[in-house]
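Letter by letter, the chains look like this.
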Amino acid sequence: MNTFFEDFATFAPALVGGLRISLLLTGASLLFGLPIGLIFAFGVTAKNKILRFVSVFFVEVGRGAPALVLLQLMYYGLPNANITLSSLASACLALTWTTAAYSGELIRGGLQAVPEGEIEGSEALGMSRADTMRFVIIPQGMRIALPSLMGFAVLLFQTTSLAYSVAVPELMSQAYSTGSSTFKYLTVFIAAGLLYAAISIPATWLSVWLEKSMSKHL
Amino acid sequence: MDMLLAILIGLPMTILVTVLALLIGSVLALPLVAGLRSHNRFVWLLCRGLVDLLRGIPPVVWLFILYYGISVGVIRLTSLQAGVLGLGLVAAAYLAEIYRGALTAVHAGQWEASSALGLDRATIWARIIAPQAWRAAIPAYTTFAIGLLKDSSIASTIGVAEIVFMSNHYARQSGGSITVYFVAAAVYIVLSVPLGMLSRKIDIRMRKTVTR
Amino acid sequence: MTLQPVTVTKPVVEVRHLAKAYSDTVVLRDVCLSIPAGTVTAMIGPSGAGKSTLLRCLNLLEQPDSGEIVIDGHRLTAGERVNPKDLAALRRSAGMVFQHFNLFPHLTVLRNVSLPQERVLKKSRAEANAKSMELLTRMGLADKADQYPSRCSGGQQQRIAIARALALDPRVMLFDEPTSSLDPEVGVEVLEVMKELAAEGMTMIVVTHEMAFAANVADELVVMADGGIIESGPPRQILQDPQHERTRRFLRAVLDR
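Chains as they are written, first to last, in this note's numbering: chain R, 1 to 218; chain A, 219 to 430; chain U, 431 to 687.
Excised from the complex, chain R in its bound form (with noise of 0.2 Å):
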């Protein structure tokens, strides 16, 4: 057991620096991601034809298709397109598309789920429709949709692993290159398991905590 503290600590610089390039990778994405979403959630039911069919054709494929192909479209097939962009780019588009995608149909939830009675009462005050979207639907929509999103965040950030098959230097791929260099497979891999799960459990517990304390509210 001692072994497996000491090199621990002997990984943890390497693997540390790999975490930080893991969350930035989520950040990136939600930060590129969530408005697109927000414009999806609207988009696919919209009247406008050309504006409905991108957005069904980006909300089913970035759905449908295994965030390990969006990398991989992204990385390797890019590039026979004539665009070539470095790893960590092209993760983050990939990563982009499944977060907007995804927060697009988690948001449309939301607004579906605002109580079709408050809609009315706006209306019966005489509030115009664009006044009962921003200051009645909008606003609790995306209270609604908050913790799912949370929720969506956290397995985001899990799916950056995936990164490591194009070749970003996040924690994964820090963890395989120390396992095959020091063939402390099980060790390595332990390690960064749990830098992973240090992250993501606190953060599912916020999201639970959150949902719990404003289904209260609401």
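Be aware that a few hints might be false.
Only some residues are given here: those of chain U computed to face chain R with a beta carbon under 7 Å [what the hints assert, rightly or not]: (1) Lys515; (2) Arg522; (3) His530; (4) Asn532; (5) Phe534; (6) Ala628.
The list that follows gives simulated cross-link-like pairs (lysine to aspartate or glutamate, DMTMM-like), each with its CA atoms no further than 25 Å apart [as the list claims (entries may be wrong)]: (7) U:Lys515 / R:Glu120; (8) R:Lys212 / U:Asp576; (9) R:Lys47 / R:Glu120.
In short, the hints are calculated from the structure, not lab data.
All values derive from a computational prediction rather than experimental measurement.
All C-beta atoms in this analysis are idealised placements derived from N, C-alpha and C, irrespective of residue type, glycine included.
Once you have looked at the hints, place chains A and U on chain R.
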């Protein structure tokens, strides 16, 4: 056409990994959910910790631990064994939470009413609670199964020759193309469509028989 | 144009030949109604009679199939496109109170009452808040201003909803079973507020099951059944001497319990 065929060679493996992992998960989730509902603090803590840990670590890490990590003495898992076992363990944790949610969705009044009628525990579980909980679990269960179908692609990272593995293989051999990834994506989407339809069908049928 | 006879009280609400059906089910058939200013009209009748639908048609929460509605000079003809401006004007002159209050749960009590004033009447926040506080104080709810609706009792929530509607200075108040989701004791708080409003001369249309309120506060009682008005007149007269068999049956059912 060549391309599609090359990719579809991986299809049986994708289905095999998904089905086996789902089976392992569905069964192992039962003791886990019993533990999550246990009044024994120790048992509860153990199961809670196990579920959180299984879900808190990305599947690919579990697969690597099982495939590269465990090679002590005679125990050495093949890539298929490691893939199925790893995904099955993670599935057990997620399904345990789904079962737990479904059991809480059964109204407490059902227990009270059944006990008041003098039914014994086994009957209450088998005839009253389980059918209602199963009905409540179906949408989440099928959503999870569709997710697992996509997650089975992770097994390609340890060399299981499923769809993504075969797509990569083809891409490398044919000198690379962007289309192969779109075709692979399309195969997954096409696969999940009938699953989704089946889920809705079961849901509607259950809604008719077990209305709440 | 016909020459209108000069009357002291011009009707605030006029409903002419209103009809509505959901696919095969007729919910309103040829309903005509005239509500003079300053009067309280109570609408009673068995559930499914179309009372709530009629009320919801008045501010176009539901679209009637045919007929005409005039509220405070704003005329709406079924089937014609309504421009948003007219719709907003009509809804401003008709304040609505719902069975389930329909407050905005993410806004404080004060914001619930102020936001519509700011957005619909284009008041400044200070003006709106002043008016809101005045109304909340009248309702005895000034101390709840900074709370969220979920922290208030049902009776308090309904009074907040009344304040929210009154804040837009409506010409007529529509009440859709305002006490039906409240405990009888709590409902009394709401009925008291409604009585005060009536005494101040507010024009009110109240869909209700509270027979005492209908008998004692209303000027006019309208009995509906199967989508139509079957009887209307002074409450005492109808309650003591119902003309229609359907009315008699309904009254027996509610009064003999």
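A quick look at each hint next to the structure:
no.	hint	in the structure
1	Lys515	9 Å, violated
2	Arg522	4 Å, holds
3	His530	5 Å, holds
4	Asn532	3 Å, holds
5	Phe534	6 Å, holds
6	Ala628	21 Å, violated
7	U:Lys515 / R:Glu120	17 Å, holds
8	R:Lys212 / U:Asp576	23 Å, holds
9	R:Lys47 / R:Glu120	22 Å, holds
In terms of the numbered hints stated before, the structure departs from hints 1 and 6, listed from lowest to highest.
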